[in-house]
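Novice: Each chain, written out:
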Amino acid sequence: AQSVSQHNHHVILSEAASLELGCNYSYGGTVNLFWYVQYPGQHLQLLLKYFSGDPLVKGIKGFEAEFIKSKFSFNLRKPSVQWSDTAEYFCAVNALNTGNQFYFGTGTSLTVIP
Amino acid sequence: KAGVTQTPRYLIKTRGQQVTLSCSPISGHRSVSWYQQTPGQGLQFLFEYFSETQRNKGNFPGRFSGRQFSNSRSEMNVSTLELGDSALYLCASSLVPGGRDTQYFGPGTRLTVL
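Top line first, the protein sequences correspond to chains A and B. With the working numbering, you'll find the first sequence wraps up at 114, consecutive numbering, no jumps. With the working numbering, you'll find the second sequence wraps up at 114, consecutive numbering, no jumps.
One chain only, chain A, in its complex shape:
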């Protein structure tokens, strides 16, 4: 079945550690890719997006993600996390050949320890 997989369900890091959250999808054809973040008590907000062009995209708060088409992946990275990055992170795929629906991963909960 077509899906968006986020393999890390819970991640715990110390401040200043590097972060990489995996996202793999199984939709063929053209895709638009997104990472959203949900801070405690707040609503979902966009971190970064990829539509086309440079596969390395930079978002807010020092986050970046790399689209690797051959691996169907769009992993999120940050070189040095802060306590304020504690949140839930969602990868989302908009697959243009499936009626343009959005498909979300189940999310990764990140806890950063000061």
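Honestly, the hints are just simulated from the structure, not real lab data. These numbers were taken from a predicted model, which means no experiment stands behind them. From the three backbone atoms N, C-alpha and C, an ideal C-beta is built for every residue, glycine too. Fair warning: there could be bad hints in the mix.
[To be verified] In silico contact screen, one side only, chain B against chain A (beta carbon under 8 Å); selected entries: (1) S33; (2) L43; (3) G58; (4) L90; (5) G99; (6) T102; (7) Q103; (8) F105; (9) G106; (10) P107; (11) G108.
The hints should help you fit chain B onto chain A, whose structure is shown.
Specialist: Leaving out everything else, chain B in the frame of chain A:
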């Protein structure tokens, strides 16, 4: 610009009742999508409206329905509520439909079915 607003923020209903949730998109946005968010399933797409027409529908039973008005405001209705309908219902708006633009999410309506 004001963000996406959803009313009410919290609802408690009993099984068998019906419920209507409301979403006001960002001014100028004509596309509204609805999602159900639960801890186990993550975000699941319900439907998308654009210019008062339903463009896409997710894999939910017919008890879930929606509509969009000429001012782009949208409502979602769930009839004959079941315990499993307890969830956070999120609305997202965008300028154009189909994932060609970033979706902006509202705070959600927390529905509890007793």
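Novice: With reference to the structure, classify each hint as holding or not holding.
Specialist: Status of each hint after checking the structure:
1. The beta carbon of B:S33 is positioned within 8 Å of a beta carbon in chain A (closest approach about 7 Å), and the interface hint is therefore held.
2. About 4 Å separates the beta-carbon of B:L43 from the nearest beta-carbon of chain A, less than 8 Å, and the hint is met.
3. Interface hint at B:G58: satisfied, since its Cβ lies 7 Å from the closest Cβ of chain A, which is below the 8 Å cut-off.
4. For the restraint placing B:L90 at the interface with chain A, the shortest Cβ-Cβ distance is roughly 7 Å, inside the 8 Å limit, so the hint holds.
5. For B:G99, the shortest C-beta to C-beta distance to chain A is roughly 3 Å, which falls under 8 Å, so the interface hint holds.
6. Checking B:T102 against chain A by beta carbon gives a least distance of about 6 Å; that is within 8 Å, so the hint holds.
7. A hinted interface residue such as B:Q103 counts as satisfied when its beta carbon comes closer than 8 Å to some beta carbon of chain A; here the least separation is about 7 Å, so the hint holds.
8. Nearest Cβ of chain A to the Cβ of B:F105: about 4 Å, under the 8 Å cut. The hint holds.
9. Taken as an interface hint, B:G106 checks out: its beta carbon lies about 6 Å from the nearest beta carbon of chain A, inside 8 Å.
10. A cut of 8 Å between beta carbons decides the hint on B:P107: the least distance to chain A is about 4 Å, and the hint holds.
11. A least Cβ separation of about 6 Å between B:G108 and chain A falls short of the 8 Å threshold, and the interface hint therefore holds.
Hint violations for this structure: none, all hints satisfied.
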